[in-house]
Amino acid sequence: EAEVAQSPRYKITEKSQAVAFWCDPISGHATLYWYRQILGQGPELLVQFQDESVVDDSQLPKDRFSAERLKGVDSTLKIQPAELGDSAMYLCASSLGLTGTHTEQETQYFGPGTRLLVL
Amino acid sequence: QKEVEQNSGPLSVPEGAIASLNCTYSDRVSQSFFWYRQYSGKSPELIMSIYSNGDKEDGRFTAQLNKASQYVSLLIRDSQPSDSATYLCAVTSFQKLVFGTGTRLLVSP
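Note that the protein sequences, when read in sequence, are chains A and B.
Take 145 as the starting number for the first sequence in my numbering and just add one per residue.
Take 657 as the starting number for the second sequence in my numbering and just add one per residue.
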């Protein structure tokens, strides 16, 4: 069964350090999303890619966060420097993209997530 | 007003009962609605999607949508202890998927 892959699954870092998360979407999915989920809340979109292009990064704190999807397949999300408030679950999701039906375009499948703890 | 609102719960039901989870949304032009299940410490798992007014059934799950009332619900029949999780309602708004904070469901044996 096709799945979204993420690594690492857990990351502990000290504040001011740099961290990076990796995501490999379901094969053939053109749209990739990064979400942040704080305990007790729903996921919040950080950035959305269509192929290698950023579609929406309006909620990405660009002073410390960056995201790329250079070849339109896998993606990396980076935080530098990490702050205590960045402790959360970072989720990657993918959907088929513009080539799919309306339903397929909007249906998102999540990876297992990376749990980040900043000390 | 939050875009997607859910009662945080917990909603406690006995095994075998029907669990009813509710969600309201503020964007009148929303077209697509999703329910995700999230076990503690895990990522969201898609349960159902619904796009048209009325009911949509999939096994023990039924999603209900009322666009006029801006209301979507999820019914779980014959609830099992393994259904104990947080259920996230998600709604498309301005081409983005917006999540509620989730309702925690506890099914007691």
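Since the hints were made in silico from the structure, they are not lab data.
Some hints here could point you the wrong way.
[Said to hold, decoys possible] Not close to chain B: a few residues of chain A, all C-beta gaps over 10 Å, as computed:
#1 Ala146
#2 Asp168
#3 Gln185
#4 Asp195
#5 Pro205
#6 Glu212
#7 Gln224
#8 Gly244
#9 Thr247
#10 Gln252
#11 Pro256
#12 Arg259
#13 Leu261
#14 Val262
[As the list claims (entries may be wrong)] Cut-off 30 Å, straight-line C-alpha distance, at most; resulting in silico cross-link-like pairs (DSSO-like, lysine-lysine):
#15 B:Lys698 to B:Lys712
#16 B:Lys712 to A:Lys222
#17 B:Lys658 to A:Lys206
#18 B:Lys658 to B:Lys698
#19 B:Lys698 to A:Lys222
#20 A:Lys206 to B:Lys712
#21 B:Lys752 to B:Lys658
#22 A:Lys215 to B:Lys698
[As the list claims (entries may be wrong)] Some chain A residues well away from chain B (every beta-carbon gap over 12 Å; in silico):
#23 Ser160
#24 Val163
#25 Phe209
#26 Pro225
#27 Gly229
#28 Thr251
Fair warning: this is a prediction, and the values are worked out from it, not measured in the lab.
Beta carbons are placed, not taken as given, at the ideal position from N, Cα and C, and that holds for glycine.
Exercise. Hint numbers the structure violates, sorted upward?
Worked result: The structure breaks hints 3, 9, 10, 11, 12, 16, 20 and 28; every other hint is satisfied.
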